[in-house]
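Student: Each chain, letter by letter, is given below.
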Amino acid sequence: MNWPVVALALYLTLGVELGSRAALTIAGSFVPSLLIALVALIAAFAPMTAALWIALLAGALTDLTTPVATTSGPTIVLGPSAVGFVVGTYAVLTIRGLFLRRHATSLVVLAVIAATCAGLTAAGLLAIRQITDSGFTLAGPQVISRLGSALYTAIPAALLALLWRRAMPLLGLNDPFARRWDRSG
Amino acid sequence: MNPARKSILSGTNLLALATGLCALCAVAPAPFTAWVQDAAYPVQIVTAPVRWLVGQVARAGGAGTDASATGDAPLAREVALLTARNLRLAAENDELRAQVRALQRGAELNPQAEAMRIVVPVIAADSPVASGLIMLRTGRVRAADGSEGNVPLGSVAISDAVNIVGRIVRAAGPVADVQPIGQAGTRELRATIFPLEDRADPNADPNADPDADPSAVQLGVVLTPAGQGRLRGSVYALQLADGQFEPAIRTGMTVRLTDPSWPRAAQMLVVGTVEAVSRADNGRPIVTVKPGFDPRSLQQVTILLTPDSTGTLEAPLVTPGAQR
Numbered sequence: 011m012n013w014p015v016v017a018l019a020l021y022l023t024l025g026v027e028l029g030s031r032a033a034l035t036i037a038g039s040f041v042p043s044l045l046i047a048l049v050a051l052i053a054a055f056a057p058m059t060a061a062l063w064i065a066l067l068a069g070a071l072t073d074l075t076t077p078v079a080t081t082s083g084p085t086i087v088l089g090p091s092a093v094g095f096v097v098g099t100y101a102v103l104t105i106r107g108l109f110l111r112r113h114a115t116s117l118v119v120l121a122v123i124a125a126t127c128a129g130l131t132a133a134g135l136l137a138i139r140q141i142t143d144s145g146f147t148l149a150g151p152q153v154i155s156r157l158g159s160a161l162y163t164a165i166p167a168a169l170l171a172l173l174w175r176r177a178m179p180l181l182g183l184n185d186p187f188a189r190r191w192d193r194s195g
Numbered sequence: 007m008n009p010a011r012k013s014i015l016s017g018t019n020l021l022a023l024a025t026g027l028c029a030l031c032a033v034a035p036a037p038f039t040a041w042v043q044d045a046a047y048p049v050q051i052v053t054a055p056v057r058w059l060v061g062q063v064a065r066a067g068g069a070g071t072d073a074s075a076t077g078d079a080p081l082a083r084e085v086a087l088l089t090a091r092n093l094r095l096a097a098e099n100d101e102l103r104a105q106v107r108a109l110q111r112g113a114e115l116n117p118q119a120e121a122m123r124i125v126v127p128v129i130a131a132d133s134p135v136a137s138g139l140i141m142l143r144t145g146r147v148r149a150a151d152g153s154e155g156n157v158p159l160g161s162v163a164i165s166d167a168v169n170i171v172g173r174i175v176r177a178a179g180p181v182a183d184v185q186p187i188g189q190a191g192t193r194e195l196r197a198t199i200f201p202l203e204d205r206a207d208p209n210a211d212p213n214a215d216p217d218a219d220p221s222a223v224q225l226g227v228v229l230t231p232a233g234q235g236r237l238r239g240s241v242y243a244l245q246l247a248d249g250q251f252e253p254a255i256r257t258g259m260t261v262r263l264t265d266p267s268w269p270r271a272a273q274m275l276v277v278g279t280v281e282a283v284s285r286a287d288n289g290r291p292i293v294t295v296k297p298g299f300d301p302r303s304l305q306q307v308t309i310l311l312t313p314d315s316t317g318t319l320e321a322p323l324v325t326p327g328a329q330r
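Top to bottom, those sequences are chains A and B. Residues 11 to 195 in our numbering are what the first sequence lists, from first letter to last. Residues 7 to 330 in our numbering are what the second sequence lists, from first letter to last.
Quick caveat, the hints were computed from the structure, so don't treat them as lab data. From a predicted model like this one, the values you see are computed outputs, not experimental measurements. Mixed in with the good hints, there may be bad ones.
Sample of chain B residues at the chain A side, in silico, Cβ under 7 angstroms [claimed, not checked]:
| # | residue |
| --- | --- |
| 1 | T18 |
| 2 | L21 |
| 3 | T25 |
| 4 | C28 |
| 5 | A32 |
| 6 | V33 |
| 7 | P35 |
| 8 | A36 |
| 9 | V42 |
| 10 | T53 |
| 11 | V60 |
| 12 | G61 |
| 13 | A64 |
| 14 | D132 |
| 15 | L139 |
| 16 | R302 |
All residues carry an ideal CB built from backbone N, CA and C; glycine is no exception.
Can you make the complete structure from the sequences, with help from the hints?
Tutor: Written out as structure tokens, the structure reads:
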């Protein structure tokens, strides 16, 4: 794993996501997550512990840059996306063996699964927060918007997947199938 | 190292610990996680350059700069360019005329309005599904005593000279966040519709007395966020002349701020225009108001720096410092 390049990729992806979020919003509440797509693609090939650390970091960065709309105003909540990204990445790590990871469609499906798990986990944690914190009331429904956003994430994930084979060597990720073929060749 | 200790500090255990702490932060009540608000700013400042760059590109793409070819002949191209320029100038002219009218109208209704205005660029707007906050590059504000500080919380951001964008809800160092009106989570705001003000509007009431004082008829409305950036509220009569019936409310009518909880300089600025009118069970009209700005296309906003933004400023503001 080439950590400096991974950090740079996370930084740029986060900036692109934050800068384009308003322009990419559709139906009033559906926003794609470029960062979870990147994390999911990394998780498809990276070692487990490294992938989970990257997910935690990316989720924490998302939390710190994306205030949650509450009835008392926007509030920074550290944790929902961080834990959600870890859960989503763990789901990808668990099922990645079932997918033909060299195929772009597989990567898109893995990204959508990761985004769905991350979104539902974040929505669940925010729902718990509403119970534990009497002054914290979400200003809008979470589950539907996060599920829609997860599906919408398929589009940036597809774009990333098309570039992925070129990006993998830069990120220091190994394609196990390619190595096997190289030996046979 | 002791093997037992090594296993406790292994990467997997640390990861589980960090994830658990994050989960705890997510569900812990606000008093225990207040430090997170401060921790967020360095991250937001570090990501601001890329965010701003992408925001500019997104806005430029959204504007749809049409440069379609109009033929190979240089003359035809020249004609097309001149036509486009003429149309653009005409549009700008109309826009400026409308702004002047709106400014004159606002100043007429609120002659005490005075505030220092600084124009600041928009870094990026967050999605309405998240917080909807609009991040600004404000720089530092210098007070009369020479001290520098953040933009006062509660200052009002406006666009196109008259349209209220929202209020500053967070400010740290060179950046500040505006919470737009109409965004979920914002407080209700009081506004007033002046039905006679829009007599020049082709949709306005043709039977209205052209010599009547526009401020003679006022309809109050308490607006709350209604989703999609809109505001909605029930209308009630504030002021009617003797023997006058409550006038009909039509789409396109201008809604102006008359909320005492907002700074004085923001009074009578434009909240938006009436987009839809419906009736409540008790027969009262309910209006849906569309704010006069689009967060996705905002390039810059004007901040009204007023000492009464927070009521805590000790020195009068004289000049913005080190903005660029």
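Student: Would you settle whether the hint for G61 of chain B is holds or violated, based on the nearest Cβ-Cβ distance to chain A being less than 7 angstroms?
Tutor: holds, 4 angstroms
Student: Hold the hint about D132 of chain B up to the distance rule: shortest CB distance to chain A must be less than 7 angstroms.
Tutor: It holds, given that the least Cβ distance between D132 of chain B and chain A is near 6 angstroms, below 7 angstroms.
Student: Would the hint on L21 of chain B be counted as holding, given a Cβ-Cβ threshold of 7 angstroms to chain A?
Tutor: The hint holds - L21 of chain B has a Cβ within 7 angstroms of chain A, the shortest such distance being about 5 angstroms.
Student: Is the hint on A36 of chain B kept, meaning its closest Cβ partner in chain A is under 7 angstroms away?
Tutor: Result: holds, 6 angstroms to nearest chain A Cβ.
Student: Using the nearest Cβ pair, does L139 of chain B come within less than 7 angstroms of chain A?
Tutor: Where the cut-off is 7 angstroms and the nearest Cβ of chain A is about 6 angstroms from L139 of chain B, the hint holds.
Student: At a threshold of 7 angstroms, is the proposed contact between T53 of chain B and chain A supported by beta-carbon distances?
Tutor: holds, 5 angstroms
Student: Next item in the hint list is V42 of chain B. Is there a CB on chain A closer than 7 angstroms to its CB?
Tutor: holds, 5 angstroms
Student: Holds or violated: T25 of chain B as interface residue toward chain A, Cβ cutoff 7 angstroms?
Tutor: holds, 5 angstroms
Student: Hint P35 of chain B vs chain A: min CB-CB distance below 7 angstroms?
Tutor: holds, 4 angstroms
Student: Hey, does the A32 of chain B contact hint survive, CB to chain A under 7 angstroms?
Tutor: holds, 3 angstroms
Student: Let me know if the C-beta of R302 of chain B comes in closer than 7 angstroms to any C-beta of chain A, holds or violated.
Tutor: holds, 5 angstroms
Student: For the hint on A64 of chain B, just tell me whether its beta-carbon gets within less than 7 angstroms of chain A.
Tutor: Nearest chain A Cβ about 4 angstroms off; hint holds.
Of the numbered hints stated above, none is contradicted by the structure.
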